[in-house]
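Taking the numbering used here, the leading residue of the sequence shown gets 99, the next gets one more, and so forth.
Please note that the accuracy of each hint is not assured.
Cβ-Cβ distance ranges computed for the label pairs, FRET-style [unchecked claim]:
| no. | residue 1 | residue 2 | range |
| --- | --- | --- | --- |
| 1 | 224 | 142 | 39 to 45 Å |
| 2 | 146 | 223 | 16 to 22 Å |
| 3 | 147 | 113 | 49 to 55 Å |
| 4 | 148 | 110 | 17 to 23 Å |
| 5 | 195 | 143 | 38 to 44 Å |
| 6 | 186 | 143 | 33 to 39 Å |
Note that these hints are calculated values from the structure, not bench results.
Only a predicted model underlies this, so the values are computations on that prediction, with no experimental measurement involved.
Glycine residues also receive a C-beta, built at the ideal position from the N, C-alpha and C atoms.
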Amino acid sequence: MAWWTPWIFIAAVFQAIFTYFGIRYVRVQLILTRRAVEDTRDASLATIRALEHERRKSRRELRAYVSISPGQIRFSNGLYIRIVQKNSGQTPARNVRLWARAFIRNTKIRKDFAFPKCPRVGGTVTIQPDQEYIIQAKVDDTNKDTVFFNVTSDYAKSKVFIFTESTYTDYTGRDRVTCACWYYHFSGTNVNREMAEGWFSSAYFFADIHNFIDEDPEEEDHEYERNQPKPLSQSALVATLNRVGDILFGAPPKGPR
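Just need the whole structure built from these sequences, with the hints factored in.
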């Protein structure tokens, strides 16, 4: 055996040791790099979520909100109503349409009543922010046997219920709906007094459902997200590091970081 053989063996051992620790070092660096990239990704996703939350909030704040206020009624060869619609939002309400119906009832109506189908009154308008739109129109009674303009003692304690439904489109292109119901209570003497003045205005709110389509903003946001392009679950760099690390060194150790 040559005299340099032990030295070759010793050199090979040291080379193997250095190679082992070199590979371990590279593996640790890959794991640390992957974790650093994942932390950066998580921070970026958190920032994106925060920005998305602010965007959704701003979208809701910028919407148009049309409310319906009780107006007045007048009896003159039929029942006429005067209704005030106001846009309290920050953007115009477009394609605003109004439906309305009325009827006399001398019994109580349950709070969970269903809004009846109402005929269309008036035209289609655009209501600007902080603007009111007053509509005056004749409405039909659901009970054709009732003669509104002939209020006698038989109806001295009756109530005239007005059902209204306003539909419109906001700046996002979504259709919105506002429903309201109020009644006018006839006490007998005030009917003749106020009818002499032309309009009867003692109205009481019975139900006010403002923008009930907006009651589930999370579902609306989910619908918006479903129509957006799907983002990557992780960056290409993280995916590459995962594949290289798993192939060369096996799966990374599990446990808390």
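Hint-by-hint comparison with the structure:
1. About 41 Å separates the C-beta atoms of residue 224 and residue 142, a value consistent with the hinted range of 39 to 45 Å.
2. Hint check: residue 146 to residue 223, Cβ distance near 39 Å, so the stated range 16 to 22 Å is violated.
3. The given range of 49 to 55 Å is respected by residue 147 and residue 113, whose C-beta atoms sit roughly 50 Å from each other.
4. As the Cβ distance of residue 148 to residue 110 is approximately 56 Å, the hint placing it in 17 to 23 Å is violated.
5. About 42 Å separates the C-beta atoms of residue 195 and residue 143, a value consistent with the hinted range of 38 to 44 Å.
6. At roughly 36 Å, the beta carbons of residue 186 and residue 143 sit within the given window of 33 to 39 Å.
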